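For the record, the sequence lines run as chains P and D. Residues in the first sequence are numbered consecutively from 1, following my numbering. Residues in the second sequence are numbered consecutively from 1, following my numbering.
Wrong hints could be hidden among the right ones.
Unchecked claim - Here are the simulated BS3-like pairs of lysine-lysine, each with C-alpha atoms no more than 27 Å apart in a straight line:
#1 P/LYS312 <-> P/LYS382
#2 D/LYS236 <-> P/LYS429
#3 D/LYS236 <-> D/LYS93
#4 D/LYS66 <-> P/LYS429
#5 P/LYS34 <-> P/LYS382
#6 P/LYS34 <-> P/LYS57
Unchecked claim - Over the 10 Å line for every Cβ pair with chain D, so calculated as not near, a few chain P residues:
#7 ASP121
#8 ARG134
#9 GLY164
#10 GLU198
#11 ALA208
#12 ARG245
#13 ASP261
#14 GLY262
#15 ASP294
#16 ALA305
#17 ASP316
#18 LYS380
To be clear, the hints were calculated from the coordinates, so they are not data collected in a lab. These numbers come from a predicted model, not from an experiment. We put the beta carbon where it would ideally sit given N, CA and C, even for glycine.
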Amino acid sequence: MSTPLPRVFITGVGVVSPVGLGRVDFFRALAEGKNGVAPIESFDATPLGREMAGEVKGFRPQDHLSVAEVRHTGRCSAMTLAAARMAVADSGISPELLRGPRTAVVIGTTMGEADVIADLDHAWIKRGASAMARSVLVKYGSTLLSVHVARAVGAQGMVLTLPGACAAGNYAIGFAADLIRAGKADVVVTGAAEMIQELQFSGFVRLAAMAPVRCQPFDLNRQGLIVGEGAGLVILESEAHAMKRGARLDAEVGGYGLSCDGYHITRPHPDAVGSIAAMRGAIERSGIGPDDVDFVNAHGTGTRANDAAEAKVMSDVFGARRVPISSVKSTLGHCMGAASALEAIACVMTLETGIYPPTVGYETPDPECDLDVVANVARKGKADVLLNNSLAFGGYNSVVLFARPGALPVPVSILTASVGRLPGPQPSKSGA
Amino acid sequence: MTPRAITGFGVLSAVGIGREALMAALRQPAPKRGPVTAFDVTGYPDAATHVAEVPDFDPTRFLGDKGLRSLDRQTKLLVVAARLALHDSGLKKDGAFVIPGIGPEQVGLCASNAYGSLEAVVELDRVAVLEEARYINPAKFPNTVANSASGYVSIWEDLRALNVTVSDGNCGALDTVTCADVYLETGRAPAIVVGGGEALSEALYVASRRLGSLMEGTLLGEGAALFVLERVESAKARGARVDALVLGTGTAFEPPANDGSLLHASATAMESAVSSALRDAGVAASEVDLVVSGVSQSGVFADAELEGFTRVLGAGVPVAAPKQLLGETFGAGGAMGMATAICWMDGAACGAMARGAVSGKVTTVVVTSLGYYGNATAVVLRRA
Chain P
1 MSTPLPRVFI
11 TGVGVVSPVG
21 LGRVDFFRAL
31 AEGKNGVAPI
41 ESFDATPLGR
51 EMAGEVKGFR
61 PQDHLSVAEV
71 RHTGRCSAMT
81 LAAARMAVAD
91 SGISPELLRG
101 PRTAVVIGTT
111 MGEADVIADL
121 DHAWIKRGAS
131 AMARSVLVKY
141 GSTLLSVHVA
151 RAVGAQGMVL
161 TLPGACAAGN
171 YAIGFAADLI
181 RAGKADVVVT
191 GAAEMIQELQ
201 FSGFVRLAAM
211 APVRCQPFDL
221 NRQGLIVGEG
231 AGLVILESEA
241 HAMKRGARLD
251 AEVGGYGLSC
261 DGYHITRPHP
271 DAVGSIAAMR
281 GAIERSGIGP
291 DDVDFVNAHG
301 TGTRANDAAE
311 AKVMSDVFGA
321 RRVPISSVKS
331 TLGHCMGAAS
341 ALEAIACVMT
351 LETGIYPPTV
361 GYETPDPECD
371 LDVVANVARK
381 GKADVLLNNS
391 LAFGGYNSVV
401 LFARPGALPV
411 PVSILTASVG
421 RLPGPQPSKS
431 GA
Chain D
1 MTPRAITGFG
11 VLSAVGIGRE
21 ALMAALRQPA
31 PKRGPVTAFD
41 VTGYPDAATH
51 VAEVPDFDPT
61 RFLGDKGLRS
71 LDRQTKLLVV
81 AARLALHDSG
91 LKKDGAFVIP
101 GIGPEQVGLC
111 ASNAYGSLEA
121 VVELDRVAVL
131 EEARYINPAK
141 FPNTVANSAS
151 GYVSIWEDLR
161 ALNVTVSDGN
171 CGALDTVTCA
181 DVYLETGRAP
191 AIVVGGGEAL
201 SEALYVASRR
211 LGSLMEGTLL
221 GEGAALFVLE
231 RVESAKARGA
241 RVDALVLGTG
251 TAFEPPANDG
261 SLLHASATAM
271 ESAVSSALRD
281 AGVAASEVDL
291 VVSGVSQSGV
301 FADAELEGFT
311 RVLGAGVPVA
321 APKQLLGETF
331 GAGGAMGMAT
341 AICWMDGAAC
351 GAMARGAVSG
361 KVTTVVVTSL
371 GYYGNATAVV
381 LRRA
């Protein structure tokens with residue numbers, strides 16, 4: 001059963017990342033394999049035995065936000081707002097067209113205003129409840145990421161934060177596209193943001209997920225992830241809205257696939273059944289086949305379990321065909337909630353330039369990850385249809401397909417949820 | 001929107017566990033509250049006055065005693081609510097899916113919380129500050145992520161279609177209905193569990209006190225309410241009991257007139273949300289029998305909410321305030337409103353009124369939530 005749906009386009013992007021601000025600097029750095037990872041400066045990580053991170057160095061909120069906005073925001077919201085402003089400017093959309101009930105805001109994150117809650121918590125623990133300032137208390141809550149953006153652009157439609165952990169960017173962009181397809185919005189400011197904070201850094205260390213120096217996705221000797229931070233926002237518009245104002249079309253948002261492993265709170269299912277379903281769903285919902293996909297932006301965290309599961313997905317979906325794949329987490333670090341939004345923007349730039357950004361640090365192929373990894377140096381290639389893959393805590397899987405405008409058939413709604421029955425290992429209910 | 005069927009729900013609230021407990025409590029004028037056990041109230045002598053926790057909540061009764069140690073209270077509440085909802089809807093019996101063609105791959109979850117990870121963040125922060133960060137418990141680290149509770153629901157209840165967590169403050173639970181409608185419309189799953197959960201914790205209590213909201217008479221509650229939402233034709237095809245129809249939803253945001261303040265009680269956003277929901281539902285204002293509001297206290301937010309929907313519906317429509325009984329539950333608030341609305345449509349005495357009184361049958365209800373930052377959401381329900 002299928003029904004034609006409106007097309008949705010990305011018409012502008014905004015980036016705050018460890019390797020630069022704005023679409024041009026960001027993608028130039030990715031293409032050059034510039035290293036965004038360095039010793040962490042925002043806190044003393046020495047006792048944790050890990051000290052590398054993809055921090056956004058030198059980000060000054062006051063360069064992008066008003067005085068009042070600086071006062072109202074934590075670091076995560078400030079990065080979100082800065083990226084939103086860049087995306088709006090990049091799209092060339094007028095403030096009048098953004099203002100009103102047909103504009104929505106959907107932002108993804110993992111922990112949102114992590115510095116705000118840390119400040120409150122530390123004040124409470126060290127000095128008692130009266131030390132928690134009311135002016136700071138009202139700044140806490142993930143919902144504020146989208147609220148700040150809505151205030152800035154004058155959006156009066158749905159204003160929503162989707163905490164989808166490390167797949168949050170894809171969740172936000174996918175849902176935003178669905179809002180337009182369902183006729184509930186004409187424009188959506190969407191994407192995701194995350195900041196590095198000591199607690200979450202420590203948590204990854206305690207999960208033994210952190211690499212000591214560098215992140216080497218798909219490499220035989222990979223040792224884990226390196227956390228990063230940033231914000232990636234995009235402007236989505238319906239075809240009719242974009243055409244009416246003569247917007248530049250950066251990319252079409254094709255189908256996207258969602259599934260949940262229902263297996264383990266932090267580990268991907270070893271047979272990757274949910275991820276496979278999500279990737280197949282994204283392709284199927286775009287009205288094309290696996291053979292049409294030119295490149296896959298990997299989730300590619302550099303952990304043993306994730307990369308192996310992702311290799312299974314590639315093998316299952318593409319069979320013997322070796323579709324080029326790369327992970328920009330090797331240069332950015334794993335920007336958690338912001339990761340798949342930043343990677344979506346990398347996909348947009350790949351569509352524009354035909355450049356597949358490299359996986360830096362890929363030295364020794366892993367037989368368990370038998371993939372065509374774009375190793376160390378960018379590669380030129382066909383870039384009409386790309387997939388952005390993401391996985392997350394909670395067993396969340398999301399894959400979004402991006403395409404060069406004109407490359408996809410008219411999108412359709414398909415009644416499908418073709419996740420296979422999970423074979424093999426049983427779910428872990430305790431998180432152990 | 002295309003009407004959607006609510007085919008069952010599970011609720012844990014300050015008045016008990018399960019729909020029958022809620023129905024019974026709504027018939028009583030003033031349900032009795034039990035002691036506070038969710039956190040250590042030593043040092044908070046007035047906590048019992050302001051806190052309404054889920055009474056006698058023993059998750060082992062529903063989930064067994066294995067695998068619960070690293071789950072936080074938020075997760076336990078949400079998992080139990082999901083289990084109750086799936087069984088109440090008839091999708092599951094004795095823990096297993098029983099409707100041909102509807103299994104784990106066909107059922108999704110879209111759940112809201114506003115401060116869901118707070119308990120875990122505070123617990124681990126305490127270790128980091130008082131000891132060292134390297135001693136935090138890795139098994140509890142996933143609980144610091146806002147989608148953790150939803151992820152655990154999928155594991156415990158074997159739900160493998162989409163799983164989405166929503167954060168929109170007080171409006172989140174009603175927003176999940178809009179989200180699920182979009183997901184149903186785009187064919188992502190034939191059945192989606194929607195609603196929200198919020199757990200009491202010392203941090204939430206202390207923060208509420210600091211913000212002065214408890215001084216104004218707010219009862220701080222907790223709980224979870226989840227509903228099974230299906231396409232009407234799917235529900236009919238399987239012969240499901242339909243508790244209510246969702247006819248329309250509306251959301252709106254209005255920034256404050258100046259950027260000096262972050263908080264914003266917006267009557268205009270509420271007015272837009274209700275207008276939009278009625279339009280979406282194809283329902284006239286005159287058809288509305290009752291507003292189940294999110295009003296929890298006197299003050300600017302209650303005033304704005306009342307003013308907003310009164311502009312659309314007039315002053316003659318009775319207004320219920322279930323938070324008088326159930327307490328403020330933030331990200332679960334709208335879901336608590338929906339649960340009480342269904343009970344009232346089902347014949348429970350319609351108490352906890354903020355304005356007017358209900359006479360006769362309750363058929364069409366508008367459920368509302370107003371956020372603290374200029375956001376508002378409304379859902380139109382009709383008795384099936």
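Hint check:
no.: 1; hint: P/LYS312 <-> P/LYS382; verdict: holds (23 Å)
no.: 2; hint: D/LYS236 <-> P/LYS429; verdict: violated (33 Å)
no.: 3; hint: D/LYS236 <-> D/LYS93; verdict: holds (19 Å)
no.: 4; hint: D/LYS66 <-> P/LYS429; verdict: holds (8 Å)
no.: 5; hint: P/LYS34 <-> P/LYS382; verdict: holds (23 Å)
no.: 6; hint: P/LYS34 <-> P/LYS57; verdict: holds (14 Å)
no.: 7; hint: ASP121; verdict: violated (4 Å)
no.: 8; hint: ARG134; verdict: violated (6 Å)
no.: 9; hint: GLY164; verdict: violated (6 Å)
no.: 10; hint: GLU198; verdict: violated (6 Å)
no.: 11; hint: ALA208; verdict: violated (8 Å)
no.: 12; hint: ARG245; verdict: holds (22 Å)
no.: 13; hint: ASP261; verdict: violated (7 Å)
no.: 14; hint: GLY262; verdict: violated (4 Å)
no.: 15; hint: ASP294; verdict: holds (25 Å)
no.: 16; hint: ALA305; verdict: holds (15 Å)
no.: 17; hint: ASP316; verdict: holds (16 Å)
no.: 18; hint: LYS380; verdict: holds (35 Å)
Checked against the numbered hints listed earlier, the structure breaks hints 2, 7, 8, 9, 10, 11, 13 and 14; every other hint is satisfied.
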